[in-house]
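Colleague: Starting from the known structure of chain V, arrange chain B on it as the hints suggest.
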Amino acid sequence: MKRLLLWLPLAGFSFLFGIAALGLIKPADRIVRSHLVGKPLPEFRLPPLAAGKPGLTTADFRQGKPRLLNIFASWCIPCAAEAPQLLRLKAMGIPVDAVAIRDTAPALAAFLRRNGDPYDRIGDDRQSAVQLAIGSSGVPETFVIDGQGRIVLQHVGDIRAEDVDTIAAAVKGAR
Amino acid sequence: MIAEAGLAALWFAAALAALQLVLAAAAVARGQEALVGGVRPVAILQGGFAAAAMAALIAVFLASDMSVRVVVENSAAAKPWIYKFAGAWGNHEGSMLLWVTILGLAGGAVAILERRLDARTLIATLGAQAALALGFYAFLLFSSNPFDRVSPAPPDGLGLNPLLQDPGLAFHPPTLYVGYVGISVAFSFAVGALVTGQVGPAFAKAMRPWVLAAWIFLTIGITAGSYWAYYELGWGGWWFWDPVENASLMPWLAATALLHSVTVLATRDGLRAWTVMLAVVAFSMSMIGTFLVRSGILTSVHAFAVDPRRGAFILALLALYIGGALALFGARIGTVRAGTTFEPVSREGGLVINNLLLSVILGVVLIGTLYPLVAASFGVQLSVGPPFFNKAAGPIALALVVVMAAGPLIRWRRDDAGQLTGRLTWPIAATCFAAAALVAFGPIPVLPTIGLSLAAGLAVASILPVIRRHPLRTPLFTWGMVVAHLGIAVSLAGMASDSAFTKETLLAVTVGQPARVGPFTVRLDGIKPVIGEGWSALEARLSATRDDDLTVLRPQSRFFSTPPTSTSESAIATFWDGQLYTVLGQPDANGRWQLRLWWKPFVTLIWLGGALVALGGALSLIGRWRRERRARMRDYWA
Numbered sequence: 001m002k003r004l005l006l007w008l009p010l011a012g013f014s015f016l017f018g019i020a021a022l023g024l025i026k027p028a029d030r031i032v033r034s035h036l037v038g039k040p041l042p043e044f045r046l047p048p049l050a051a052g053k054p055g056l057t058t059a060d061f062r063q064g065k066p067r068l069l070n071i072f073a074s075w076c077i078p079c080a081a082e083a084p085q086l087l088r089l090k091a092m093g094i095p096v097d098a099v100a101i102r103d104t105a106p107a108l109a110a111f112l113r114r115n116g117d118p119y120d121r122i123g124d125d126r127q128s129a130v131q132l133a134i135g136s137s138g139v140p141e142t143f144v145i146d147g148q149g150r151i152v153l154q155h156v157g158d159i160r161a162e163d164v165d166t167i168a169a170a171v172k173g174a175r
Numbered sequence: 001m002i003a004e005a006g007l008a009a010l011w012f013a014a015a016l017a018a019l020q021l022v023l024a025a026a027a028v029a030r031g032q033e034a035l036v037g038g039v040r041p042v043a044i045l046q047g048g049f050a051a052a053a054m055a056a057l058i059a060v061f062l063a064s065d066m067s068v069r070v071v072v073e074n075s076a077a078a079k080p081w082i083y084k085f086a087g088a089w090g091n092h093e094g095s096m097l098l099w100v101t102i103l104g105l106a107g108g109a110v111a112i113l114e115r116r117l118d119a120r121t122l123i124a125t126l127g128a129q130a131a132l133a134l135g136f137y138a139f140l141l142f143s144s145n146p147f148d149r150v151s152p153a154p155p156d157g158l159g160l161n162p163l164l165q166d167p168g169l170a171f172h173p174p175t176l177y178v179g180y181v182g183i184s185v186a187f188s189f190a191v192g193a194l195v196t197g198q199v200g201p202a203f204a205k206a207m208r209p210w211v212l213a214a215w216i217f218l219t220i221g222i223t224a225g226s227y228w229a230y231y232e233l234g235w236g237g238w239w240f241w242d243p244v245e246n247a248s249l250m251p252w253l254a255a256t257a258l259l260h261s262v263t264v265l266a267t268r269d270g271l272r273a274w275t276v277m278l279a280v281v282a283f284s285m286s287m288i289g290t291f292l293v294r295s296g297i298l299t300s301v302h303a304f305a306v307d308p309r310r311g312a313f314i315l316a317l318l319a320l321y322i323g324g325a326l327a328l329f330g331a332r333i334g335t336v337r338a339g340t341t342f343e344p345v346s347r348e349g350g351l352v353i354n355n356l357l358l359s360v361i362l363g364v365v366l367i368g369t370l371y372p373l374v375a376a377s378f379g380v381q382l383s384v385g386p387p388f389f390n391k392a393a394g395p396i397a398l399a400l401v402v403v404m405a406a407g408p409l410i411r412w413r414r415d416d417a418g419q420l421t422g423r424l425t426w427p428i429a430a431t432c433f434a435a436a437a438l439v440a441f442g443p444i445p446v447l448p449t450i451g452l453s454l455a456a457g458l459a460v461a462s463i464l465p466v467i468r469r470h471p472l473r474t475p476l477f478t479w480g481m482v483v484a485h486l487g488i489a490v491s492l493a494g495m496a497s498d499s500a501f502t503k504e505t506l507l508a509v510t511v512g513q514p515a516r517v518g519p520f521t522v523r524l525d526g527i528k529p530v531i532g533e534g535w536s537a538l539e540a541r542l543s544a545t546r547d548d549d550l551t552v553l554r555p556q557s558r559f560f561s562t563p564p565t566s567t568s569e570s571a572i573a574t575f576w577d578g579q580l581y582t583v584l585g586q587p588d589a590n591g592r593w594q595l596r597l598w599w600k601p602f603v604t605l606i607w608l609g610g611a612l613v614a615l616g617g618a619l620s621l622i623g624r625w626r627r628e629r630r631a632r633m634r635d636y637w638a
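For the protein sequence lines, the chains are V and B, in the order given.
Mapped onto this note's numbering, the consecutive letters of the first sequence carry residue numbers 1 to 175.
Mapped onto this note's numbering, the consecutive letters of the second sequence carry residue numbers 1 to 638.
These are computed hints drawn from the structure, not numbers from a lab.
From the three backbone atoms N, C-alpha and C, an ideal C-beta is built for every residue, glycine too.
Keep in mind that a hint or two might mislead.
Claimed, not checked - Here are the in silico distance ranges between beta carbons for each label pair:
1. B:S151 / V:A51: 53 to 59 Å
2. B:S383 / V:L87: 34 to 40 Å
3. V:A51 / B:R309: 51 to 57 Å
4. V:R3 / B:W235: 25 to 31 Å
5. B:K528 / V:A107: 25 to 31 Å
Claimed, not checked - Only part of the chain V face toward chain B is listed, based on derived beta-carbon distances under 8 Å:
6. R3
7. P9
8. F13
9. L16
10. I19
11. A20
12. C76
13. I77
14. T104
Stated by the list, open to error - Computed far set for chain V versus chain B, every beta-carbon distance over 12 Å:
15. S14
16. K65
17. L87
18. R88
19. G93
20. P95
21. L112
22. A129
23. V152
24. H155
25. A170
Isolated chain V (complex conformation):
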């Protein structure tokens, strides 16, 4: 028994070694996935931020038609980079709504002038409250919401040209 105990430190270290080796071979996925995928959107009601555009509420997503929910900010550079892809999705007939994170009206107006405006509604989320409630950890992120207000897909990061088909297919698949 005592002799076995003497090998315990080596056993403990071997376990550590295995974990570390596994961590190196298979680096952890640093993308934070929302736990709400497949579940209904949380209740929220956001005031408008852009002139002539309504704010955003959960009820807007229960109209029977799937929509995109884009989490973005005018101060976010990848958000400007993904703007052409959002416009393409809009042109394909997919409605897009947005939550603007920690933004101001003049900055947002300038952003929409520069990068185009695919949005039907933009909700003003000053404190990231709705963003966190949805389970989004950064900007930009895009959620596919079905006609009943359920989250079907979460896309973390900017939408690249090669992601457009996947997202369009997800919208088509949702009801």
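Modeller: Relative to chain V, chain B alone:
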């Protein structure tokens, strides 16, 4: 040319380490103790060549030689010289070169200074140190060559990370590394002793000064690093439980435990296997820390450039060294005769509890640091934050404080519990008095209340061993213990005070508008642009008043040109009773400026305590050294 000379020196050092290992192995295997005369000079030379390689790297940084890759990536010709100099280790390759240089120099120092260890164990120790060095030389030469050239050479470099552009970079990493890597000597001693089976008081007495020296530097390094993070990051905190901080704390915890257990081994010939184990664990923690930092396997604010192949290389070295040492421990410690046993109520017993508690804290920090990694391998993402560490380690640390107060007042061999309680009258009284005062003065959270009360008790208890003794006739190492324990009390008081009494405000103010934080009224007098070497900044002038005493602070929001980044430079005013900490943020559209203000009563005690702990260690080291020299003189004349 200098770069090639540096690379050559590194190859020479590696070759000498190989020679040292072979010589030592042959000498130990054949029992040729006379070979120690051959191993010593090789070890010294190896350290010399490693130092030469480091000097060459510093030289190419100082000369801004833009044909060397690390210089291009981490320096710029227009940097002040101090950042060129310190930039030599402000990057992965240079930092690893500094690491291995200290490993080589530590081996050289053992070869020069160590006279007490028996020849065979000394040879085995030097062999182990050479084996360690060899692996890390290979790591540098094959996967992290600091002398790599780029062709064609660009006109200028990319510059140093602005957060590192602080005089702290010149002192903090070398100091920390001397401790962090210096503890390798204890590891090699343990391996040497396992090979020869010579574990006893003589071994402990030989090892103690090396552990003590490394521990002093580690203490200074951690204390200074904590203050550096405190003022440079601008977050107002002094410890973030970041994986890289934990990587320095874990060897310190193990070394602290070792320091105490080695005393039991030296004085009473007890705790033989345990002491050897701790010596292995202490440096293993350093190596694991290096792996965690260098492989990028954990996310940390100390974002270093990471490369999984480098991680795999260090992990292989870890398996070889830690696995090898632990296997040697399992196989050989049984041959070491059990040491003497002792009564539960005795100095030895107190030190065993000290060791157990330190080990538990070490375990908590290790688990907390590695848990995200373990969870990730089961597909779960999570991070372990300060609340876990504070809740899990805090109460154990407070229990440790109680043991620390009582420990030095217990007699060796056996003591009487009743008499011990009698000796503890004054510390207990101080604790109760402080607790009563705190509760009466105003309710503060439970943990800080206990912390402050125990700090008062520990402060009283720690000076009891020298009370009613002639100060000059008290041995210097006793003074060392007293000062170090007092330092812990002071530091603990600072930590508890910071968490209990800190006042914080975050607000947006226009010029001329006053704000209140704690006893201060802070007014934004104005904002003006300033220019420094390699940066420009917006500087706020804040006038802080308390009871008509005016202090001016100038926090900055700094923009660096190479590489383009911005940092906030906090401004801190130190008073006898605490610090006023101010950070300037961004302006908003209406011309208001974001200000973050903290009043932190007695926060400075944290680092003052750390300095006292290190001073205590130094006194102890000098005391041991003087006593030994006197003993040697006596032997010489006898």
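Colleague: Look at each hint and say if it fits the structure.
Modeller: Okay, the hints, checked on the actual structure:
| no. | hint | in the structure |
| --- | --- | --- |
| 1 | B:S151 / V:A51: 53 to 59 Å | 56 Å, holds |
| 2 | B:S383 / V:L87: 34 to 40 Å | 36 Å, holds |
| 3 | V:A51 / B:R309: 51 to 57 Å | 54 Å, holds |
| 4 | V:R3 / B:W235: 25 to 31 Å | 50 Å, violated |
| 5 | B:K528 / V:A107: 25 to 31 Å | 26 Å, holds |
| 6 | R3 | 6 Å, holds |
| 7 | P9 | 5 Å, holds |
| 8 | F13 | 6 Å, holds |
| 9 | L16 | 7 Å, holds |
| 10 | I19 | 5 Å, holds |
| 11 | A20 | 6 Å, holds |
| 12 | C76 | 16 Å, violated |
| 13 | I77 | 14 Å, violated |
| 14 | T104 | 6 Å, holds |
| 15 | S14 | 7 Å, violated |
| 16 | K65 | 33 Å, holds |
| 17 | L87 | 28 Å, holds |
| 18 | R88 | 32 Å, holds |
| 19 | G93 | 36 Å, holds |
| 20 | P95 | 31 Å, holds |
| 21 | L112 | 18 Å, holds |
| 22 | A129 | 18 Å, holds |
| 23 | V152 | 21 Å, holds |
| 24 | H155 | 18 Å, holds |
| 25 | A170 | 23 Å, holds |
Hint violations for this structure: numbers 4, 12, 13 and 15, all remaining hints satisfied.
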